[in-house]
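Novice: Listed below, chain by chain, are the residues.
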Amino acid sequence: MHSSTSNSEFDLTTAPAPLPSPNARRRPAPRAAQSDLDFTRVIPALPWKGIVAATALLTLAATVAWEINARTHGYAPSLNDTPDLWAEQRNRVEPNSIVLVGTSRMLFNADLDVLEEALGQRPVQLALAGSSPFPVLADLAQDPSFHGTLILDIVPAMFLAPAGSPPMAVSQKALRRRDEWNYSQKWSHRMGMDLEEHVAFLKQEDLSLAQLLKQLPIPNRANAQVGPPLPPYFYTVDRDRRGRMVEQAAILGSPLQQRVAHGWLPLFTMPPPPSFIPPEQFGKMMGEAIEQRFKDTAQHIATLRARGVKIVFVRMPVQGPLVQKEEAIVPLAFGWGRLVQENGVPAIDTNTVPELNSFILPEWSHLSAPDSVEFTKRLVPHLQRALGAVEVPAAANAAAPRPTSG
Amino acid sequence: MLFNSLTFVVFFVIVLTLYWTLRSWEARKNLLLAASYLFYGTWNPPFALLLFATTALDFWLGARIAAARTPGQRKAWLIASLTSNLSMLGFFKYGNFLLENTKALLALAGIAYQPPHLDLFLPIGISFYTFHSLSYTLDVYRGTTQPTRSLRDFTLAVSFFPQLVAGPIVRAVDFLPQAAQPPKPDSSRFIWGLLLMTLGLFEKTVLADTMLASAAESVFSYHGPLASLDAWTGVLAFSGQIFFDFAGYSTCAIGAALTLGFHLRDNFRFPYAAVGFSDFWRRWHISLSTFLRDYLYIPLGGNRAGAVKAALNLMIVMFIGGLWHGAAWTFVVWGVIHGLMLVLERVLRHIFKDAAWTDRLGVQVLLGLGTYAVVCLAWVFFRAPDFGSAMRIVMAMVGRLPIAGDAILPTREILQVMIVTAGLLAAHWLLRKTSMEAVVARTPRWAVTAVWSVMLFSIILTQGNGNAFIYFQF
Numbered sequence: 001m002h003s004s005t006s007n008s009e010f011d012l013t014t015a016p017a018p019l020p021s022p023n024a025r026r027r028p029a030p031r032a033a034q035s036d037l038d039f040t041r042v043i044p045a046l047p048w049k050g051i052v053a054a055t056a057l058l059t060l061a062a063t064v065a066w067e068i069n070a071r072t073h074g075y076a077p078s079l080n081d082t083p084d085l086w087a088e089q090r091n092r093v094e095p096n097s098i099v100l101v102g103t104s105r106m107l108f109n110a111d112l113d114v115l116e117e118a119l120g121q122r123p124v125q126l127a128l129a130g131s132s133p134f135p136v137l138a139d140l141a142q143d144p145s146f147h148g149t150l151i152l153d154i155v156p157a158m159f160l161a162p163a164g165s166p167p168m169a170v171s172q173k174a175l176r177r178r179d180e181w182n183y184s185q186k187w188s189h190r191m192g193m194d195l196e197e198h199v200a201f202l203k204q205e206d207l208s209l210a211q212l213l214k215q216l217p218i219p220n221r222a223n224a225q226v227g228p229p230l231p232p233y234f235y236t237v238d239r240d241r242r243g244r245m246v247e248q249a250a251i252l253g254s255p256l257q258q259r260v261a262h263g264w265l266p267l268f269t270m271p272p273p274p275s276f277i278p279p280e281q282f283g284k285m286m287g288e289a290i291e292q293r294f295k296d297t298a299q300h301i302a303t304l305r306a307r308g309v310k311i312v313f314v315r316m317p318v319q320g321p322l323v324q325k326e327e328a329i330v331p332l333a334f335g336w337g338r339l340v341q342e343n344g345v346p347a348i349d350t351n352t353v354p355e356l357n358s359f360i361l362p363e364w365s366h367l368s369a370p371d372s373v374e375f376t377k378r379l380v381p382h383l384q385r386a387l388g389a390v391e392v393p394a395a396a397n398a399a400a401p402r403p404t405s406g
Numbered sequence: 407m408l409f410n411s412l413t414f415v416v417f418f419v420i421v422l423t424l425y426w427t428l429r430s431w432e433a434r435k436n437l438l439l440a441a442s443y444l445f446y447g448t449w450n451p452p453f454a455l456l457l458f459a460t461t462a463l464d465f466w467l468g469a470r471i472a473a474a475r476t477p478g479q480r481k482a483w484l485i486a487s488l489t490s491n492l493s494m495l496g497f498f499k500y501g502n503f504l505l506e507n508t509k510a511l512l513a514l515a516g517i518a519y520q521p522p523h524l525d526l527f528l529p530i531g532i533s534f535y536t537f538h539s540l541s542y543t544l545d546v547y548r549g550t551t552q553p554t555r556s557l558r559d560f561t562l563a564v565s566f567f568p569q570l571v572a573g574p575i576v577r578a579v580d581f582l583p584q585a586a587q588p589p590k591p592d593s594s595r596f597i598w599g600l601l602l603m604t605l606g607l608f609e610k611t612v613l614a615d616t617m618l619a620s621a622a623e624s625v626f627s628y629h630g631p632l633a634s635l636d637a638w639t640g641v642l643a644f645s646g647q648i649f650f651d652f653a654g655y656s657t658c659a660i661g662a663a664l665t666l667g668f669h670l671r672d673n674f675r676f677p678y679a680a681v682g683f684s685d686f687w688r689r690w691h692i693s694l695s696t697f698l699r700d701y702l703y704i705p706l707g708g709n710r711a712g713a714v715k716a717a718l719n720l721m722i723v724m725f726i727g728g729l730w731h732g733a734a735w736t737f738v739v740w741g742v743i744h745g746l747m748l749v750l751e752r753v754l755r756h757i758f759k760d761a762a763w764t765d766r767l768g769v770q771v772l773l774g775l776g777t778y779a780v781v782c783l784a785w786v787f788f789r790a791p792d793f794g795s796a797m798r799i800v801m802a803m804v805g806r807l808p809i810a811g812d813a814i815l816p817t818r819e820i821l822q823v824m825i826v827t828a829g830l831l832a833a834h835w836l837l838r839k840t841s842m843e844a845v846v847a848r849t850p851r852w853a854v855t856a857v858w859s860v861m862l863f864s865i866i867l868t869q870g871n872g873n874a875f876i877y878f879q880f
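If you're matching them up, the sequences are chains Z and X in order.
Per the working numbering, residue 1 is the first one in the first sequence, and the count goes up by one each step.
Per the working numbering, residue 407 is the first one in the second sequence, and the count goes up by one each step.
No lab work stands behind these hints: they were computed from the structure.
Treat the hints with care, as some may be off.
[Unchecked claim] Computed footprint of chain Z on chain X, listed as stretches where at least three residues anywhere in the stretch have a Cβ under 8 Å from a Cβ of chain Z: (1) 407-414; (2) 442-450; (3) 469-480; (4) 811-821; (5) 838-846; (6) 856-870.
[Claimed, not checked] Between beta-carbon pairs, the in silico distance windows are: (7) Thr40(Z) <-> Phe503(X): 48 to 54 Å; (8) Leu635(X) <-> Asn96(Z): 42 to 48 Å; (9) Arg190(Z) <-> Arg555(X): 39 to 45 Å; (10) Glu623(X) <-> Gly283(Z): 26 to 32 Å; (11) Leu836(X) <-> Gln248(Z): 45 to 51 Å; (12) Gly320(Z) <-> Ala828(X): 45 to 51 Å; (13) Val380(Z) <-> Ala856(X): 54 to 60 Å; (14) Val416(X) <-> Gly130(Z): 29 to 35 Å; (15) Gly829(X) <-> Ala298(Z): 52 to 58 Å.
[Claimed, not checked] Partial selection, computed: residues in chain X whose CB lies under 10 Å from chain Z: (16) Leu601; (17) Leu605; (18) Val612; (19) Ala633; (20) Ala663; (21) His669; (22) Leu670; (23) Thr849; (24) Trp852.
Since we're looking at a predicted model, the values are computed, not measured.
Heads up, the beta-carbon is just placed ideally off N, CA and C, and yes, glycines get one too.
The whole structure should be built from the sequences, with the hints applied where relevant.
Specialist: Structure follows, in structure tokens:
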């Protein structure tokens, strides 16, 4: 112990001497001529080579067994749709890029190959599952180098989600990752992708330890304010973040299709207002926040258009009980209608276009992988018309497409 | 880079392979130095220059202190070292905090002052490497070490990658002698190092991040009134999370250093089995508490000038200890709570010094649980984003909310926290008078194999979410 402690009863920091161990070997450390400290660590006397070999074998066996189990349950190797993958795509945005922004509906429904062939360049997929695209829109508006094309998928209930809500957090997390992305994280991400393309159990949203614990059937307290669970793994992404619904989820009546479809209903149900804010006050706060969102959106759209960015709003197909659920949260005329009219950009409500609304959405919200290709082919002429259209100032909103009920 | 990242796994395998392949000790140290700067530079390369500048300056100042002919000159060079190190730390870590508090003070005097907001990135690990480096000039000044002639060795001592960004705070006097001659290859030491790294990663990724972090985050970020059960669960979760996170990092660092043949001191010794706060600080973040003892408390006079001065010195030390953790008054309150408890403990020890009943097991356990409860209470201020949040949680914990609190945690998370906390406390109490090495030495080999395998497989199951260690922000 340091000699200078002898003047002290500063017993909060008087470190006890290393404890002896009857079966431990003490290994001599190089001694310092000047140091009066001795902190040679004790190495427990065990047959370490045998232990490490047995540990490696056991761990390998368990890992292989877990991989087999995952594949048996329908999992296949595919990338995790992580903020890293998103950040990588965001960094690919060039001044003239075509950028897809939105929710999982854009992620699933827009086929990048078809769009590349039709529009002359491969779009950058920046849509995020479960997100409000507003923060991404703001990010692009604040990027002075970007003056390409923006195709924005709008689900009003998600787009207008208040600050602090899960949909906003998803986008903000991805943006933060991109802002703070360091070399170590980039290298880990690249190595991680190589692993994920070969190992089926690497599914962060479904098979990680944290997610497995969430699947334990433990009922919550009657008064617990716990959010509904997110849907299980039901889509894959590639390195360009082209999302595809897995085959099982697209089969009507399959357990996975049922789980996903019925998982949306609680997620698209307005949560109760917080107990600690009077309902009138909360309603007023929400109203003001939504008005502010409309204003901020108009400002960002104006900024983008001033830079020459071509913008198209798209409302992707939605079916079944989700139509009513979404209407109950944000009425279509109020959300989609105002956004279209106040911003005066070309808009396509696919729910009102016969050749686009005739697909069956297996879980009411997204297209199956094969249908997404055909859907995109049919969407292309509408996009081309919209992108070629002369944009109108917001004030002349009568010229903008009128929203109709989906 | 983070220990819990694929990049580190590859980096570490390459470094270990090259290190034990090279024959020249000088070449191995050069390799470690390059690896350490690469380890640090992957966060933000320019900050590696700052790290080197701090190191080089202290190397030079250490030589000047040793060469000084008069006490006045020695002191002047030491002040130069203290000033350069602490001003660097102060600028990056406390710049905005100082400006904001200056604004508040001037406002009290009726002067309106709008300070500029310094848009600063805090260099990762600056609090740790500043102390690594500063310990050298302080020890040279105190005459407890001679200055090294090797800038490379000193640079390696400050930047040695296992302990660079989140401790333990390794003093140059501990490290430099080990850099004098090469360690001999030792398979047992190497494998034990790997086992310690596994344990550290298990603590971080499984226990802290997977089992506890979610409940702590939910409770401490909630803006409304909390049910008492939820408030307690969140606080217990954070209490476990910060232990497993920080002790996990230290264990990884100790293990990584061992695989390279270097010995680092323990930084934790089962702190939640502490009986009293002086015992707690013998067990928690030992490298910081001994640093503050040797370089602050004792120079302030320690307890040599009477009980009142000793109490004042304790409060000063814990005030600064709190502020070291972060530029916010909540950290200061955390430090002050610990300081007050240390003073109270000294008073009680004085009163009950002859009372034999205090040594009874039941009393010790009660005192230990009491210590843990107050430690948890102090963690509320450490973790809460502001005083309002902290007071809301404290009020909920003691059931003094004016309205019914909200139940926000799933039952599963509550069970996770309770099970892990019970296991943590039981383990600390069982091990409080021994060491992990001693326990492992008498454990059957099949049990060591099984536990190690479970830890490894659990780490694989977490799928490496790459969360940063909490203490990186300090």
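Novice: If a hint holds in the structure, say so; if it doesn't, say that too.
Specialist: Against the structure, the hints:
| no. | hint | in the structure |
| --- | --- | --- |
| 1 | 407-414 | holds (count 6) |
| 2 | 442-450 | holds (count 4) |
| 3 | 469-480 | violated (count 0) |
| 4 | 811-821 | holds (count 8) |
| 5 | 838-846 | holds (count 6) |
| 6 | 856-870 | holds (count 11) |
| 7 | Thr40(Z) <-> Phe503(X): 48 to 54 Å | violated (41 Å) |
| 8 | Leu635(X) <-> Asn96(Z): 42 to 48 Å | violated (56 Å) |
| 9 | Arg190(Z) <-> Arg555(X): 39 to 45 Å | holds (42 Å) |
| 10 | Glu623(X) <-> Gly283(Z): 26 to 32 Å | holds (28 Å) |
| 11 | Leu836(X) <-> Gln248(Z): 45 to 51 Å | holds (48 Å) |
| 12 | Gly320(Z) <-> Ala828(X): 45 to 51 Å | holds (46 Å) |
| 13 | Val380(Z) <-> Ala856(X): 54 to 60 Å | holds (59 Å) |
| 14 | Val416(X) <-> Gly130(Z): 29 to 35 Å | holds (32 Å) |
| 15 | Gly829(X) <-> Ala298(Z): 52 to 58 Å | holds (55 Å) |
| 16 | Leu601 | holds (8 Å) |
| 17 | Leu605 | violated (12 Å) |
| 18 | Val612 | holds (7 Å) |
| 19 | Ala633 | holds (8 Å) |
| 20 | Ala663 | holds (9 Å) |
| 21 | His669 | holds (5 Å) |
| 22 | Leu670 | holds (7 Å) |
| 23 | Thr849 | holds (8 Å) |
| 24 | Trp852 | holds (8 Å) |
In summary, the structure is inconsistent with hints 3, 7, 8 and 17 from the numbered list given earlier, while agreeing with the others.
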